[in-house]
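Residue numbers (our numbering), protein chains in the order written: chain H, 277 to 398; chain L, 277 to 398.
It is worth saying that the hints were derived from the structure and are not from the lab. Bear in mind that the values here come from a model prediction, so they are computed numbers and not experimental data. Treat the hints with caution; some may be incorrect.
No copy is singled out in the list; a pair is fine if it fits within one copy or between any two copies.
[Stated by the list, open to error] Mimicking DSSO-like on lysine-lysine, the simulated pairs with C-alpha atoms at most 30 angstroms apart in a straight line are:
#, residue 1, residue 2
1, LYS364, LYS312
2, LYS392, LYS350
3, LYS312, LYS335
4, LYS395, LYS350
5, LYS298, LYS350
6, LYS339, LYS312
7, LYS339, LYS395
Number of protein chains: 2
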Amino acid sequence: MAGHDFRSGCSIARTLEIVGDKWTLLIVRDLMWHGKQTFQALEESAEGVPTNILSERLKRLVKWRLVRREAYQKHPVRYAYHLTEAGKSLEPVLLQIMNWGHEHLGGGRYDPTTGKTLKAAR
Amino acid sequence: MAGHDFRSGCSIARTLEIVGDKWTLLIVRDLMWHGKQTFQALEESAEGVPTNILSERLKRLVKWRLVRREAYQKHPVRYAYHLTEAGKSLEPVLLQIMNWGHEHLGGGRYDPTTGKTLKAAR
DNA sequence: GCCCGCCACTTGCAAAAAACAAGTGACCTT
DNA sequence: AAGGTCACTTGTTTTTTGCAAGTGGCGGGC
Numbered sequence: 277m278a279g280h281d282f283r284s285g286c287s288i289a290r291t292l293e294i295v296g297d298k299w300t301l302l303i304v305r306d307l308m309w310h311g312k313q314t315f316q317a318l319e320e321s322a323e324g325v326p327t328n329i330l331s332e333r334l335k336r337l338v339k340w341r342l343v344r345r346e347a348y349q350k351h352p353v354r355y356a357y358h359l360t361e362a363g364k365s366l367e368p369v370l371l372q373i374m375n376w377g378h379e380h381l382g383g384g385r386y387d388p389t390t391g392k393t394l395k396a397a398r
Numbered sequence: 277m278a279g280h281d282f283r284s285g286c287s288i289a290r291t292l293e294i295v296g297d298k299w300t301l302l303i304v305r306d307l308m309w310h311g312k313q314t315f316q317a318l319e320e321s322a323e324g325v326p327t328n329i330l331s332e333r334l335k336r337l338v339k340w341r342l343v344r345r346e347a348y349q350k351h352p353v354r355y356a357y358h359l360t361e362a363g364k365s366l367e368p369v370l371l372q373i374m375n376w377g378h379e380h381l382g383g384g385r386y387d388p389t390t391g392k393t394l395k396a397a398r
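Whenever a hint applies, use it, and build me the whole structure from the sequences.
Right, here's the structure in full:
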């Protein structure tokens, strides 16, 4: 992005400046797969993100154009968040992280084609 | 892992509890691709990780068995850090993150087969 | 034996970020 | 007019980070 100083030229380091924390990719996950597109729906995610963090992360995602924020109605105005193409292109990243967590930490595995989550052992 | 309380059953959430920060995956990157295996070599990484953070992250990686720490010599004792199989299996995650950062943030792209980094535009 | 340096950290402290609870304001329903 | 919903914001405490400096084991040179 124009005007931003990355800490290095490494693509991994750059990506982590945007999504390198405990929450951002969970928000992307919910937007991508779980049909959550309002602030409140995202707030009710399984992990219980604090609202100030959610607010700040959404702003960052919008700033980096991974997410668009738009009013889907007036009177009263209500906002919906949607992934942009750049945001949607994080899906392979999410899938790899999910696969690793499934293999090594016993977490569930979501199948985007069926929309079902298969629970694992542990 | 036995005894650990994950915040949710989601594989992504679980994985982010271990590697969800700005530094951990950079350490894994250096161990995986850049032949850095001592504390000092890792400390001299491109991004300049603070030593207390490096120390703490290495401990976490060892605790989760993604990394092994072993003395490679006595007199004086010197330690080397190596990825375990679980650690090495993060490579696809790293590659996806790198690809995304290359496409969207103009970072370089490393080719593990040749060991060369191709620099991008921006 | 004593000083110097290297390596692998640890410690102390200030600054930033995260967590938690509560509050705000626009608008709508009753 | 009172109460509710949604989308946040604000205030406060706790935790984490970043930075600089210090520590301790060991070896080598003099």
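Here is what the structure says about each hint:
| no. | hint | result |
| --- | --- | --- |
| 1 | LYS364 <-> LYS312 | within (14 angstroms within a copy, 34 angstroms between copies) |
| 2 | LYS392 <-> LYS350 | neither (34 angstroms within a copy, 53 angstroms between copies) |
| 3 | LYS312 <-> LYS335 | within (16 angstroms within a copy, 36 angstroms between copies) |
| 4 | LYS395 <-> LYS350 | neither (40 angstroms within a copy, 47 angstroms between copies) |
| 5 | LYS298 <-> LYS350 | neither (33 angstroms within a copy, 39 angstroms between copies) |
| 6 | LYS339 <-> LYS312 | within (20 angstroms within a copy, 35 angstroms between copies) |
| 7 | LYS339 <-> LYS395 | between (35 angstroms within a copy, 25 angstroms between copies) |
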